[in-house]
Amino acid sequence: KAGVTQTPRYLIKTRGQQVTLSCSPISGHRSVSWYQQTPGQGLQFLFEYFSETQRNKGNFPGRFSGRQFSNSRSEMNVSTLELGDSALYLCASSLGQNNSPLHFGNGTRLTVT
Amino acid sequence: DQQVKQNSPSLSVQEGRISILNCDYTNSMFDYFLWYKKYPAEGPTFLISISSIKDKNEDGRFTVFLNKSAKHLSLHIVPSQPGDSAVYFCAATNTGTASKLTFGTGTRLQVTL
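Chains as they are written, first to last, in the working numbering: chain Z, 1 to 113; chain Y, 1 to 113.
Just so you know, these hints were derived from the structure itself, not from any lab.
None of the values given here were measured: they were computed from a predicted structure.
All the given hints hold, so there is nothing to weed out.
Here are the simulated distance ranges between beta carbons:
1) Asp59(Y) x Thr7(Z): 30 to 36 Å
2) Asn98(Z) x Gln3(Y): 16 to 22 Å
3) Asn7(Y) x Tyr10(Z): 31 to 37 Å
4) Ser28(Y) x Ser100(Z): 20 to 26 Å
5) Thr112(Y) x Asn98(Z): 36 to 42 Å
6) Pro61(Z) x Gln3(Y): 16 to 22 Å
Computed list of lysine-lysine pairs in PhoX-like fashion (alpha-carbon distance at most 25 Å, straight line):
7) Lys57(Z) x Lys5(Y)
8) Lys68(Y) x Lys5(Y)
9) Lys100(Y) x Lys57(Z)
10) Lys56(Y) x Lys68(Y)
11) Lys100(Y) x Lys71(Y)
12) Lys100(Y) x Lys38(Y)
Glycine residues also receive a C-beta, built at the ideal position from the N, C-alpha and C atoms.
So here's chain Z without its partners, still in its complex pose:
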């Protein structure tokens, strides 16, 4: 069974630009969550989508948004990039039921210059 696939693996953007990251979940998984990992803050929850609807949201500004398509694939968008947005962005999928563990992709490394 293929795992969670994230594209691209690496991205370099300039302050003020916007970026879109993509995630394909494990087949059959209906929930997709996004996390940001930085050396200072660790792994932090951004949001979760289930059946094309945002089900949970973390404490990030509105510049961070996402969406999920009918095939459960998800995209995350960050607008007006700031230097502090440089991070590893991880996508995770799950069945979306209570206590079903998250399975993570290998992440997209975003560098903002």
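Based on these hints, arrange chain Y on the given structure of chain Z.
Using the frame of chain Z, we list chain Y on its own:
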């Protein structure tokens, strides 16, 4: 406010011995706990989980213990193998928002020959 804490940033254990990784939490609403392992340049890999209705869960060489009164959990790896060398993250959530994991800062385990 660090709701999930892993106070040992690193741990070194000899091959064949037991590795014990510790985690403390402060939020009484957490009722589901997970351990993830992370290798460099890869996403976290799910290892084992435990619900608050249990105090122990085993899966092969991995056992997680939960002490609800102390708000403490630990991961035991027996016997430790060189391939276990990685960063281990403890995570916690409430069943109602299961994809919204709160992660600890991680413990780097080094298993030596």
